[in-house]
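K.L.:
Residue numbers (my numbering), protein chains in the order written: chain B, 80 to 397; chain Y, 80 to 397.
Just so you know, not all the hints are guaranteed correct.
It does not matter which identical chain is used: a pair holds within one copy or between any two.
Straight-line alpha carbon distances no greater than 27 Å define the calculated DSS-like cross-link-like pairs of lysine-lysine that follow [what the hints assert, rightly or not]:
1. K81 to K180
2. K135 to K116
3. K252 to K370
4. K360 to K252
Keep in mind the hints are simulated off the structure, nothing from the lab.
2 protein chains.
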Amino acid sequence: MKYYVGVDLGGTNIAAGVVDENYQIISRHHVRTYASKTFEELIADIAKAVYDVVDKANLSMSEIVSVGLGTPSCINPETGMLVHANNLNWENVPLPKEMEKHFQVPVFIRNDADCAALGEVLAGAASKYDNALMVTLGTGVGGGIIMDKQIFNGSDHMGAEVGHTKLVYEGIKCTCGQYGCFESYASATALIRRTKETMQQHPESIINDLCENDTDAVDAKMVFDAAQLGDVTALGLIDQYINYVAAGLSTLIVIFRPQVIIVGGGISNQREYLIDPLKKKLIRYTFAAEKIGVPHVIAAELGNDAGIIGAAMIGCQT
Amino acid sequence: MKYYVGVDLGGTNIAAGVVDENYQIISRHHVRTYASKTFEELIADIAKAVYDVVDKANLSMSEIVSVGLGTPSCINPETGMLVHANNLNWENVPLPKEMEKHFQVPVFIRNDADCAALGEVLAGAASKYDNALMVTLGTGVGGGIIMDKQIFNGSDHMGAEVGHTKLVYEGIKCTCGQYGCFESYASATALIRRTKETMQQHPESIINDLCENDTDAVDAKMVFDAAQLGDVTALGLIDQYINYVAAGLSTLIVIFRPQVIIVGGGISNQREYLIDPLKKKLIRYTFAAEKIGVPHVIAAELGNDAGIIGAAMIGCQT
Numbered sequence: 080m081k082y083y084v085g086v087d088l089g090g091t092n093i094a095a096g097v098v099d100e101n102y103q104i105i106s107r108h109h110v111r112t113y114a115s116k117t118f119e120e121l122i123a124d125i126a127k128a129v130y131d132v133v134d135k136a137n138l139s140m141s142e143i144v145s146v147g148l149g150t151p152s153c154i155n156p157e158t159g160m161l162v163h164a165n166n167l168n169w170e171n172v173p174l175p176k177e178m179e180k181h182f183q184v185p186v187f188i189r190n191d192a193d194c195a196a197l198g199e200v201l202a203g204a205a206s207k208y209d210n211a212l213m214v215t216l217g218t219g220v221g222g223g224i225i226m227d228k229q230i231f232n233g234s235d236h237m238g239a240e241v242g243h244t245k246l247v248y249e250g251i252k253c254t255c256g257q258y259g260c261f262e263s264y265a266s267a268t269a270l271i272r273r274t275k276e277t278m279q280q281h282p283e284s285i286i287n288d289l290c291e292n293d294t295d296a297v298d299a300k301m302v303f304d305a306a307q308l309g310d311v312t313a314l315g316l317i318d319q320y321i322n323y324v325a326a327g328l329s330t331l332i333v334i335f336r337p338q339v340i341i342v343g344g345g346i347s348n349q350r351e352y353l354i355d356p357l358k359k360k361l362i363r364y365t366f367a368a369e370k371i372g373v374p375h376v377i378a379a380e381l382g383n384d385a386g387i388i389g390a391a392m393i394g395c396q397t
Numbered sequence: 080m081k082y083y084v085g086v087d088l089g090g091t092n093i094a095a096g097v098v099d100e101n102y103q104i105i106s107r108h109h110v111r112t113y114a115s116k117t118f119e120e121l122i123a124d125i126a127k128a129v130y131d132v133v134d135k136a137n138l139s140m141s142e143i144v145s146v147g148l149g150t151p152s153c154i155n156p157e158t159g160m161l162v163h164a165n166n167l168n169w170e171n172v173p174l175p176k177e178m179e180k181h182f183q184v185p186v187f188i189r190n191d192a193d194c195a196a197l198g199e200v201l202a203g204a205a206s207k208y209d210n211a212l213m214v215t216l217g218t219g220v221g222g223g224i225i226m227d228k229q230i231f232n233g234s235d236h237m238g239a240e241v242g243h244t245k246l247v248y249e250g251i252k253c254t255c256g257q258y259g260c261f262e263s264y265a266s267a268t269a270l271i272r273r274t275k276e277t278m279q280q281h282p283e284s285i286i287n288d289l290c291e292n293d294t295d296a297v298d299a300k301m302v303f304d305a306a307q308l309g310d311v312t313a314l315g316l317i318d319q320y321i322n323y324v325a326a327g328l329s330t331l332i333v334i335f336r337p338q339v340i341i342v343g344g345g346i347s348n349q350r351e352y353l354i355d356p357l358k359k360k361l362i363r364y365t366f367a368a369e370k371i372g373v374p375h376v377i378a379a380e381l382g383n384d385a386g387i388i389g390a391a392m393i394g395c396q397t
């Protein structure tokens with residue numbers, strides 16, 4: 080049996096796992112870290128997490144084929160450079176090279192959304208498919224594109240910025256500074272924003288009760304909870320939200336024609352109110368849907384494990 | 080020296096060329112054909128054009144490595160099936176297999192926009208680049224995506240439908256039946272449509288003179304001609320048009336990050352009034368343009384030869 084280590088490196092959390100060649104996580108380890116640490120301290124924290132998780136699996140580092148790091152960053156896997164990481168305040172860091180000072184195992188690096196998509200395709204919701212688009216509806220809209228079971232990143236690995244495709248020409252301003260990005264309409268944040276704008280004009284809406292009339296307390300789950308109770312305002316908000324999600328996905332469908340779209344993020348468990356209607360709306364919004372069809376739509380299955388499994392297997396990407 | 084035949088198969092015209100391994104066209108042959116012909120008749124016409132162009136090059140079929148066909152159709156190169164061709168009224172036709180009955184040379188098939196993009200990357204405007212997007216602004220918006228000098232078509236070769244990415248959520252109706260497609264705003268047809276809508280409100284515009292007050296006679300060149308004469312209406316129309324082109328391209332840039340965008344179509348020779356301002360507008364409309372930059376923008380160079388050269392080289396695609 081071959082063993083790999085996958086590390087999901089967030090701004091405040093290092094999650095590591097030993098993954099076997101059948102994509103099973105056989106040990107896990109979590110540690111908190113801080114963006115305020117120096118680069119060397121953080122590298123040391125990651126290295127220690129790797130040693131610890133290997134130890135937990137009753138293995139030694141010499142039995143590990145490779146270590147993969149998934150980070151919410153702009154990566155150049157060919158040069159091994161982490162080009163830019165907002166949450167870690169890093170620019171142009173040779174992360175794998177630094178890691179390799181700590182152990183004699185090759186280290187690979189990729190964007191965390193790509194790792195999650197790869198994990199779901201190798202071992203999760205999309206294991207039957209070779210070509211998949213994973214879209215994570217959260218604070219923003221993250222995306223990972225897998226073609227022939229390989230991560231697709233475009234030229235110089237700088238592409239696949241799914242959330243910043245245009246959906247509304249000259250639309251509302253996105254956090255990126257551009258206008259009308261898919262993310263500005265299809266993130267959970269966007270749903271919450273529109274809910275806040277709408278609920279006060281609808282004092283009869285249950286959403287007002289669920290948040291105890293504190294609009295700052297509104298979250299996406301409250302909107303879905305209200306919809307399940309038959310709240311007309313919530314149902315309308317969700318219907319409009321899914322229109323945006325479907326229309327934005329249609330752009331990615333006509334370009335990639337993935338076999339399946341994997342929906343991740345906190346709201347992806349809303350099967351009846353999100354996943355099922357999204358399937359129907361994709362037909363409405365996608366070019367040549369009647370002739371060619373549209374991809375299957377499924378919810379992500381692996382949660383945070385997807386990122387660990389995907390990161391572990393980066394070294395196996397051709 | 081190795082020789083290849085490329086055929087650009089339109090609805091009314093068969094253009095064939097013998098292309099050598101340095102991507103030079105060494106003989107050409109054009110014949111008219113008719114969509115009303117039977118399938119067998121059309122196959123025979125194509126085969127005859129291939130024999131004739133090889134003859135013109137003073138070669139024999141035994142010296143030809145492969146024949147490539149570019150058609151304005153939906154293709155599955157793996158099965159060799161022409162899935163759907165609007166202009167020829169064909170559905171699910173095994174075109175290469177039928178062609179191979181006429182000569183003992185392997186026949187390959189691809190979409191004509193992909194062939195043109197490949198031709199420009201191998202031998203034309205983008206020969207310095209490996210990763211390019213070609214966008215043809217004509218009746219519609221055609222596109223070809225070349226990654227690592229290979230045609231990119233997405234899963235099952237059904238993707239890369241550049242013209243039908245969404246640009247304006249719930250925008251105007253496209254010929255495809257969907258709403259707000261890139262093509263509906265960025266084609267030459269769209270520029271003409273908006274010109275017609277606008278010129279009558281501006282009787283002072285030179286466009287009225289150029290078309291002799293016959294709005295049906297307006298073409299894209301008249302708008303650019305008027306702009307060159309300083310016509311404010313024309314300048315405004317073109318400025319708005321380039322905004323749409325740039326915004327639509329921004330979606331493709333954030334996904335593919337091509338090194339270069341090749342602009343084709345009749346208006347692509349409008350350097351000062353189209354290509355140069357488009358470069359600037361891409362910066363305005365593209366995510367992270369300040370950090371990552373935007374692709375170069377160049378006009379296509381090879382005209383119809385691009386499709387012949389690209390088609391000829393399909394067999395060399397891995």
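K.L.:
For every hint, state whether the structure bears it out.
P.N.:
Here is what the structure says about each hint:
no.	hint	in the structure
1	K81 to K180	within (22 Å within a copy, 50 Å between copies)
2	K135 to K116	within (26 Å within a copy, 72 Å between copies)
3	K252 to K370	between (35 Å within a copy, 18 Å between copies)
4	K360 to K252	both (25 Å within a copy, 17 Å between copies)
The earlier numbered hints are all upheld by this structure, with none contradicted.
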